[in-house]
Each structure stands twice: as C-alpha cells, then as structure tokens.
Amino acid sequence: MATFLYKLGRFSFRRRHFVVLIWVALLALAGVGAANASGTGSTSFSIPGTEAQRAFDLIEQRSPGAKADGATARVVFKAPDGEKMTDPAHKAAVEQVVRELQGGDEVASVVDPYQAKAVSKDGSTAYAQVSYDVSGMNLEESSREELKAAGSEARDAGLTVEIGGDALQAVPETGATEIIGVGVAAVVLVITFGSLVAAGLPLLTALIGVGIGVSTITALATALDLSSTTSTLAMMIGLAVGIDYALFVVSRYRAELAEGRGREEAAGRAVGTAGSAVVFAGLTVVIALVGLAVVNIPMLTKMGIAAAGTVAIAVLIALTMIPALLGYAGKHVVGRKARQGTTESASKENMGTRWARFVLRKPLLVLLVGVIGLGVVALPASKLELGLPDDGAQPTSTTQRKAYDLVSEGFGPGFNGPLMVVVDAAEADDPKAAAGQVARTVGKLDGVAAVTPAQFNKAGDTAMLTVVPKSKPSSAETETLVHDIRDAGTGITAETGAKAMVTGTTAMNIDVSEKLNEALLPYLALVVGLAFLLLMVVFRSVLVPLKAALGFLLSVVAALGAVVAVFQWGWLGSLFGVEQTGPIMSMMPIFMVGVVFGLAMDYEVFLVTRMREAYVHGERPGQAIVSGFKHGARVVSAAAVIMIAVFAGFIGSGEQMVKMIGFGLAIAVFFDAFVVRMAIVPAVLALLSHRAWWLPKWLDRILPDVDVEGEQLRERLGDSSGARPEGPDKERELAGV
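Residue numbers (my numbering): 3 to 739.
Since the hints were made in silico from the structure, they are not lab data.
Careful: at least some of the hints might be erroneous.
What the hints assert, rightly or not - Derived EDC-like pairs: lysine to aspartate or glutamate, alpha-carbon spacing no greater than 20 Å straight-line:
{"#": "1", "residue 1": "Lys446", "residue 2": "Glu497"}
{"#": "2", "residue 1": "Lys86", "residue 2": "Asp486"}
{"#": "3", "residue 1": "Lys333", "residue 2": "Glu411"}
{"#": "4", "residue 1": "Lys472", "residue 2": "Asp489"}
{"#": "5", "residue 1": "Lys404", "residue 2": "Glu155"}
{"#": "6", "residue 1": "Lys472", "residue 2": "Asp486"}
{"#": "7", "residue 1": "Lys123", "residue 2": "Glu85"}
To be verified - Label-pair restraints from in silico Cβ distances:
{"#": "8", "residue 1": "Glu411", "residue 2": "Asp489", "range": "46 to 54 Å"}
{"#": "9", "residue 1": "Ala527", "residue 2": "Asp707", "range": "21 to 29 Å"}
{"#": "10", "residue 1": "Pro66", "residue 2": "Ala151", "range": "41 to 49 Å"}
Note that CB positions come from ideal geometry on N, CA and C, so glycine has one too.
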C-alpha cells in the first residue's frame, strides 16, 4: 500500500492543476445541487420491528387521510388569577384564535377546546390542538409565524398564551460557536507549523471536503429522506477528521523536507507513510459509522452513512489534494525560522520525548493513575437514564417548555404525552364490543388517568383510543404502563380476536430506547471486532489491537460519565449552556460508541504506527516508544486539540441533541487522546516490551502485508535503515529475554 500511495502522492504533486481542478469542480457541482434542492429533508422517524411502528403503519393503511406523520401544535391558554377560561370574554378570545388558525394553508384541523372539553377542572387552563398536513421540518416559515402570532389578541385580552409541539421545530443553524471552533483550530495549526501557509492547507482542504459532503447531503436530502441533523453531524465529524488527516500528511512532508528530500519526493513519501495511517484511520471511522446500520433505525443508519461518506472524502482529499497544494506552496510550507536555520537543535529533546522517557521510568504508576482517573470519571455512567427529549427538556425560557408546564399544572403531567391505543378489529366478531373491552381493560390499569371513547375509521375495522397516563412522558411509570397495556392486549386478542397496539410519540420513544439498548452490545462486538482485525493487519500484533480496544472502552465510558454529570445531574451545566437537565438522549451511547471508536483509532494508528515504524527499522521497544513520541506527540496533540475545538464549537447549538453530542465527542477525544493514547498506551507498551509486537507465525502467514510502516517502500527506494533481528536472537527478544 505504501508504494501505491507514494506513486499517488507524486502523481498529485506533478499533476496538481488537474487534481485541484477536479476537486473544485466537485465542490461546484455539489453546491449547485444543494442550491437547487427542493427541500430541507424530513423528520420521519421509523423503528421497524416495534409495536409502535406497526400500529403507526396500520393507521396509515386504514386511515390514509389521518396525516399521522403531520406536525402538531398545542396552543395553551391560562386565565388571570381569580378568573376562568369559561368567562365569555376569554372564551371569545380563544375562539377567535381557533378561527385564525383554521385559515392556515397547511393546517389540517384545529380542535376547539370547548367542544373537545379540553378545559381543566378548575377552569384556569385550556388548550387547542392544531394538526398540519406536513411534518414539522417541512412546514413553511409563514405557517410558524402564523402560529406564533395567533395568540397575540388573546394576550391583549389578558390571557397567558404559550405554544408547544413539533410544529415550532426548525432546522438547526450554524452559530458563532462553530466558527470559533474553526478559529481555534487555525490558531493551533499556526502554532504547530509556524507557517500560515502550512496552517492554511489543512483548513482549506477540510472546508472543501465538508463543503462537498454537506452540499451533497443537502442536494439528496429529499430524495433519500435524510433527517435535519444529518448535515450538522457530517459537518462536525468531517471538519474534525479533515483537518487532522491533512495535518498528518503536511507534518510528514515537512519532516521529509528536513531530511533533504526534494519537494516531489517528499510529497510522495509523506503520502506513502502518513497516508497509509490516514487510510486505515479513516477505515476505522467508516466501519464504526456504517456499522450503525445494525441498529435498524433508518434515521440513524442514514446519519452514519452520510457522515462516513464525508470521512471518505476527507481521506481522498488528504491523499490527493494536499500533495497537489503542496506543489503550489513551495518553500512557504516551512516556517521562516526553519528556513533560516534558527529552529531548536535536533539533538534537543522535545516535550514528547521527555514525556515518553518519564513513562518508561514509571510505567506502572502512569497506568494506574490513568485507569483509576478515568474510572472515577466513569462512575456517573452507572446512573445513566435514557430517553428521547420532549418539550419538558426545553429550557424554561422557551414557549414550548412554558406550554408543557401549564398543561402539567392544569391537567396533569400525562396530558403532555398521551398514548394512542390502536385496535385492529378486522378479525373481531363485534368490532365495537372489542374496542369497548379494550377501553374498559386499559382504564382499570394502574397509572391511567383517563381513556377517551374509541374513534373508528370509515371502514369500521380500526379504532383509536387515547390513554392519558398519570405520570409524565419520560418517567419510568409511563414506560411500565405501556408494557402493562401491551400485556393486557394479549388477553383481549384471545377473547375477541381484536389486536390492541400502543403507539404515539411517547410509546415510540420507549421503543427506540429499548431497541437501542438491545443493539448496543451486538453493535459494539461488530465494530470492535472488525476494527480489531484491521488493526491486527496494520500493526502485525495481537496485543496492540487488544490494548487499543480496551483503552477505547475506558475512554467512552468515562465520556458517558461526564455527559451524565453535566446533562443529567447538571454539574457545571451553566458553563456548557445546559438550562434544563433530564434523561440522556437514548441514541447517545450507541452513537458515541460508533463515532468515538473511529476517532479514537485515529490517534492509535497515527501514534503507534510511528512506534511500529521505528521498531521495524531496528530500534528496541523502549526506544521505539520514544521515537514515536518524538515524531508524533506534538502533531497528535495538535490534532486532538483541533478535534476538541471543532466538537466543542457545537456545544453552543440551540438544539439539545447537537449540544449533547458535541460535548460528548469533545470530552471523549480529550480522554482518549491525552489519557489513553498519550499515557496508558505507552505505559502498557513499556510493560509488554517485545511481547507487544508478538504475532503467531501461522497468523503472520495468513494476514496480508499492507506495509503501513513503509519498509517495502524504503527498500524499493534503496534507503532501508535496517531490519529487525531474526532467528534465535529474535525469538529471545519476543520472549522478553
């Protein structure tokens, strides 16, 4: 592989005009496609194989005009203290709001609170339910503005008016904090390279790669039914890996120049060596992201594949466009001090070398401090509570949260998350009697506040009942109630032939959480297993990939502990803009496992590959660790800081999901790069010595030799610096003698 990439690097350097033109053309093509895109994607959310989804599909089939996937809004009214919503003046104001809403172009129906008896027992609160023909993300902005303005006259009449529901959901916008993250990355690159040109190359190519990826996602959003957060997450991951991959190639190019290579030769060698690490690091990220498909949640699968595509673009750009741009950069890619020969003496130990020597002196101490420290941070993860956010998780300053609280106070917390029981009575002898029995049976269950009468479709073979829990949507009591209703439905089917299924947003959320929990271990086994095999090919070792996987598990659990502490418990919440604590988003653990594993392997590959390269070229294990840190620690540290800055920039997002993922990924990269890879990894390698690179002979014959360390390339170019000892001496070394 190193030889092929060497040729690719030299070709890209020589044919730089052609290579750059291709990438610019791809960017322009993707941009045109995005500009002409017909929509912003959708928020359709399906979970195949669950009862909630089967019930939802049945409604679509039997009552196609029900618009079950349309956006909803709840306009909540509260009378001044001492007054009631039934007062004539207040009633007239509410009915005026209902009439205004009914005139909306995308409005399917508006339920008058007085006709639907949606007035609290004390008369202080009422709400009108609004249904739309399209999903919340596809609503025209004019419809949202009409919804927000509808209650202005009621407010003038003295009523408190708040609005909840997904109709107010909008596409998350890129804010200033994301730009700050890129700015921090630029500063780190300038400090690392001492050259504005060298610092600008990774930023430029990363932005081009992300531009192509995000524009393509936008162009295909409607056709592929991509969710609204897909492009945001692709941007987040694409920026981070795009900068890092380019950083490693540029850094290696400068190192080759420092050894006296010509510019074209240096570009070829940089791509042949650092490029090999980029390929395998990118492969681990792609495996982790594409592996999200095993969860069998289409939205999550599409998010993973889209982000993986952006990572693949970042890899290709690092291998082709970076050497092409290096051809244009000339001598300016090297800092002025380096060109003038005023840099520090090569014989002087840098910080990476000093740290590596310290770890070699105290490997057991470093290992224990690192493991125990991450273990302490991971403790909150044992109290992890999962759920999908509803309006109760919104900041208290938002109208959605205020509407949620008004409904809870006036009607009870369960009214914010009613359950829908769908009765399939097509095979029942008496559909109405079967639906009535369902209503009576469910009404007797603990935790049920109310059950509405059954509403049949036109064919009379399907009925829908609304069940209001006594507890709030995200509570354990509501989850228990959903299972109790499903258990009771088994007996009803046996007696009447009718099937009762529970669906609705609350039931969907419960099913999603359970499905994600069930998929976590299989997903983890698949991703870690495939990456283990890949790393075994890269490092020609059994213990190094095993250590890499265990270190990843430690860092990801510690990151989940930090997420629980901040977003669930509220520790330092104000520092990170967390206005409302609550359960952790149910897809967070599995998403973090996928993304963080891929990113964690980046640093494993980049750092340990340099150690492996030194070991293959004849250095002893301890010296190989020092060499790896001498050449790689500064660049890996810079790459980690850049990735942390990019992810942390998304903490300022107004969308809770993006904020939580940005924090989780940033803290996970910090733990993995600076604790696991910089401390635990060299400590373990020091303790293992030669045994770290042990590989059974039969396995060595089976595994393909991809030459990541570039040994075959060096031999081909006639500058091999020696090989490892073979024969009996080699066997003694592997045995640690």
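Hint check:
no. : hint                           : result
1   : Lys446 with Glu497             : holds, 17 Å
2   : Lys86 with Asp486              : violated, 37 Å
3   : Lys333 with Glu411             : violated, 70 Å
4   : Lys472 with Asp489             : holds, 19 Å
5   : Lys404 with Glu155             : holds, 19 Å
6   : Lys472 with Asp486             : holds, 14 Å
7   : Lys123 with Glu85              : holds, 13 Å
8   : Glu411 with Asp489: 46 to 54 Å : violated, 32 Å
9   : Ala527 with Asp707: 21 to 29 Å : holds, 27 Å
10  : Pro66 with Ala151: 41 to 49 Å  : violated, 32 Å
Checked against the numbered hints given earlier, this structure breaks hints 2, 3, 8, 10; the rest are met.
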